[in-house]
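Q: Here is how the chains run, residue by residue.
There are 4 protein chains.
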Amino acid sequence: MLGSRWFLEFTTDQEASLHYIEEILYAARTEYQRLEIMRLGSYGKALILDGKLQSAESDEFIYHESLVHPSLITHGSPRKVLIAGGGEGATIRECLRYPSIEKVVMVDLDGEVVEACKKLLPEWHEGAFEDPRVSVYYEDARGFIAASDEKYDVIILDLPEPMEAGPAITLYTREFYQEVLEHLEDGGIMVTQATSISTNNFQAFTIILNTVGSIFPLAKGYWASVPSFFVPWGFVMGSRDRDPLSLQDRELEERIESLSGELRFYNPSMHRGIFSLPNYLLKAIRKETRVNTDTDPLSFY
Amino acid sequence: MLGSRWFLEFTTDQEASLHYIEEILYAARTEYQRLEIMRLGSYGKALILDGKLQSAESDEFIYHESLVHPSLITHGSPRKVLIAGGGEGATIRECLRYPSIEKVVMVDLDGEVVEACKKLLPEWHEGAFEDPRVSVYYEDARGFIAASDEKYDVIILDLPEPMEAGPAITLYTREFYQEVLEHLEDGGIMVTQATSISTNNFQAFTIILNTVGSIFPLAKGYWASVPSFFVPWGFVMGSRDRDPLSLQDRELEERIESLSGELRFYNPSMHRGIFSLPNYLLKAIRKETRVNTDTDPLSFY
Amino acid sequence: MLGSRWFLEFTTDQEASLHYIEEILYAARTEYQRLEIMRLGSYGKALILDGKLQSAESDEFIYHESLVHPSLITHGSPRKVLIAGGGEGATIRECLRYPSIEKVVMVDLDGEVVEACKKLLPEWHEGAFEDPRVSVYYEDARGFIAASDEKYDVIILDLPEPMEAGPAITLYTREFYQEVLEHLEDGGIMVTQATSISTNNFQAFTIILNTVGSIFPLAKGYWASVPSFFVPWGFVMGSRDRDPLSLQDRELEERIESLSGELRFYNPSMHRGIFSLPNYLLKAIRKETRVNTDTDPLSFY
Amino acid sequence: MLGSRWFLEFTTDQEASLHYIEEILYAARTEYQRLEIMRLGSYGKALILDGKLQSAESDEFIYHESLVHPSLITHGSPRKVLIAGGGEGATIRECLRYPSIEKVVMVDLDGEVVEACKKLLPEWHEGAFEDPRVSVYYEDARGFIAASDEKYDVIILDLPEPMEAGPAITLYTREFYQEVLEHLEDGGIMVTQATSISTNNFQAFTIILNTVGSIFPLAKGYWASVPSFFVPWGFVMGSRDRDPLSLQDRELEERIESLSGELRFYNPSMHRGIFSLPNYLLKAIRKETRVNTDTDPLSFY
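Protein chains in written order, with my numbering: chain Y, 8 to 308; chain F, 8 to 308; chain X, 8 to 308; chain R, 8 to 308.
I should point out that these hints are in silico values taken from the structure, not numbers from a laboratory.
Warning: the hint list may mix true and false statements.
When chains are identical, the list treats them as one kind, so a pair holds in a single copy or across two.
[What the hints assert, rightly or not] Calculated cross-link-like contacts (lysine to aspartate or glutamate; reagent style EDC-like; alpha-carbon spacing at most 20 Å):
id, residue 1, residue 2
1, K59, E30
2, K290, E269
3, K110, D156
4, K59, E29
5, K294, E269
Whenever a hint applies, use it, and build me the whole structure from the sequences.
A: Given below as structure tokens:
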């Protein structure tokens, strides 16, 4: 007998998914968006904003480990990290695994979402918000960065999708990446989530990669498959000179072994594996010439 | 405005997907199953058996290239290939790229499905069924193999899911793999599709890997993400002594360059990348002790 | 923007409905069934048993007024009423409107459902359970009736659907109706809910009507349209000699005016209107010869 | 096992239905709308415009008989009928049952829809388009009526829903009804479909009734339950002096008996029954004061 309660999400106007809902833990309208926290039959707890699944208990670790570790491991000794977005606290959690970390600053627009995550999603943050090295600000990330002289070893852009007309659209532009670059220490690295990669819809990924590459001397795209997202997920890393694939095996292993706690996804082999991209994507990356700008932001969807 | 016509597939009793249908090209009930060929809005043409999406035009190449090339490239000079299943003809298509290929034998139970694919899915087979090196038999694959003395360089198991009570259940057992091993030439390789790999449901994959490993001295699991399948897809390769990761870069590149036509997914970097498995899966593989047998076939779902 | 949370109900294997869920108020598994109480966007609060909508706040009055009043008004001076089923308490509520009522006995199998309704569905019962004239028993209705000598003016069968293998299947048989008839006072009336009436599926209705007619000298079918049920709903009234259509207009009006509280559906005109049946149904009723029996209960679905 | 192919219709943003599709018979985009003809598992063939079910083989007779007969029977000897809309031809079919009919004029905006119905929906029109008494024009109904001096015994408005911004919005206004009145012969009657009647959404019905009543001395609302429409459907009849409920039983029976062919829904008892309205609707009708006008057409949805 089928269950009665379903989370219906239209990911495009031609695709939708239905997930069985075990329990609705929270539902509210914040100043910025519709916020729901549900327990889904297949994926455990899930954070849903404006009807879109943001992360799910059963596989958030794939997204968060893939977002954080390639950059922090490549850096080698990150002390100061800035996270733009990152509401659930799991991005902080991954950063705090590094013995070298002294300071993690998180800037998220929607304090109501963060407060709900603090209370209802301890599996994500694992108490990270209470760590004395962490500070959290409820502000627009772009304004926050522009207003400060502080520099960081790694800046992590854990942002909502760059929807046309959405507030995050200006957090994927050339001008913003320039601002980010200026707030990186020597040897600093930026990484951004870079949207879904489907075989027939990957232009947001290639544009973001090309835009990052127009500012950062070294820009690398990579991907990971998060089951609850349906399609592989893209990430783009930018730096002045840090190549994630130049690490020696021994070095890579030692750096990963030094992390506290147990990783569930990332390991030395995955570090290399996630940078393997298929021909159709390599070809699209080679052909991509568009650059996203403040004055003429591209419509990704 | 949303479209009216949707392909609804319950992948488990807690998960379903909806795909917009552009056109229903064919619908019939064969001797063995419900057969539908539709054109979906996001994925192009799609083959659907008993309500389950089998492969879709927009990303079938990921599945078929991942199924075929790691084994044939690792082999180096495949002359004779046996395909069990493989209805759409795309597995044959990939095999015929090898200059060394002399003979491809395909054995599929359901001739009505194959005939419909021949007529309606030319994008899959690209005329491969007409190639003089190819022969197709409509029989039970296990009986076919047992009844013949023929040996092959590569045996590819492109089979339906091992559903409890389904006919394919005995094509994932230790006894069948023994039969397959005995029909491999020296240096021969077997590869099987090995079901979906979700973060909370990967036991079919680990059991198949363990079962192959109970017969083949060298068993390797790998995966690839096929968007229309939602979750990453697993494969298991077995051989007496051929390690896909022992190929030198140069050798790998040369072998891939010798293939005819253009690959859309597989390349030297992907050859290595798809064998990178995450910690949670490596851990499950290490712990797996179950072996699937004819007398006590495991219930995978 | 569409909402995220939906109540999905397959009413047949070819029909389903989706209702937006505002809130899940209660979800539990009782000894007998899955119980859910939700607030739906279009229908307000709803009682759902085993995934089937039982009644909804916005239109339960149509069902309950149609179930109760045609019989009690036709009777004229009901003093003692027995309700088999009736969990939500709205059937009691309607009975208590009659100044002549002295005793309402309700027998429902699933006490957990009734207790949840008492607490969460006050809009249905309006405190009726607390009325000193009311007694409630958690028992099988058929056993309860058989074990007692008590006679009633009206017996109301407010039962679950007669599903094959469901417990209610024996509450729609000739033998049970005989038992009911024997527990009616002179001038007594029985009424039963008689399932949905679709243009292509009305056989449950005609069989119930024919079965009641095989025991009761006067059997009348009628219907009403309850929007949240999608298709018109059938009812069957049986008596020795009470014809609901023989009431004079004046008498009908006076009896209805004497009721306490405000009716939202039923009125003198509706009393006659609901007995108007269309040609296709009259034809099916004339042709119906099946009688449902204990030894060979018909499979309605 | 559930089927794969479903017609998904959102009737509001809080309600949707899923119907199993047996076959898609036709799909096109006309000059005015998206047109689909499908065979549904439960309802047989169905005409779908812009994703909305218009009528279904299994129960279109309820809608069409309810639309046509109360007015034509009340008139008594209709010779000339004008149908605005009526694409499928079933409204003509019902008119042609009257021995007195000399002329049926149908004016429908979308000729492509009518042509598709002629070819694919013979169960609806039963050849009515070929009857010599029938003429069909593909024009805007309002313009057609305004441009002509012809008068009719009955004018039937078988129109699309009065959606805000839809073309039919001006076919539900006071000014249009005035125009219609002026094109009625003495003793003439107008009837319009008057949208769905749900317990929580019936304002379109009460506004149409009130608007008709602002022009026609006698305006009567009635309803019928069409299963494939989910909720009861409303109609409004307007005339100078013809009261459908003033017919004597004998007269009513004789007139209905004189019709050719076999009616499946309408009969003398239903003629009266469909005019029985429940209290909640009578109350809303009494309170309704809004009148729909050209200059300020009300937004019904």
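Q: Does each hint fit the structure? Answer for all of them.
A: Going down the list of hints, with the structure as the test:
no., hint, in the structure
1, K59 - E30, "both (17 Å within a copy, 18 Å between copies)"
2, K290 - E269, "between (36 Å within a copy, 12 Å between copies)"
3, K110 - D156, "within (15 Å within a copy, 68 Å between copies)"
4, K59 - E29, "both (17 Å within a copy, 17 Å between copies)"
5, K294 - E269, "between (40 Å within a copy, 17 Å between copies)"
Checked against the numbered hints above, the structure violates none of them.
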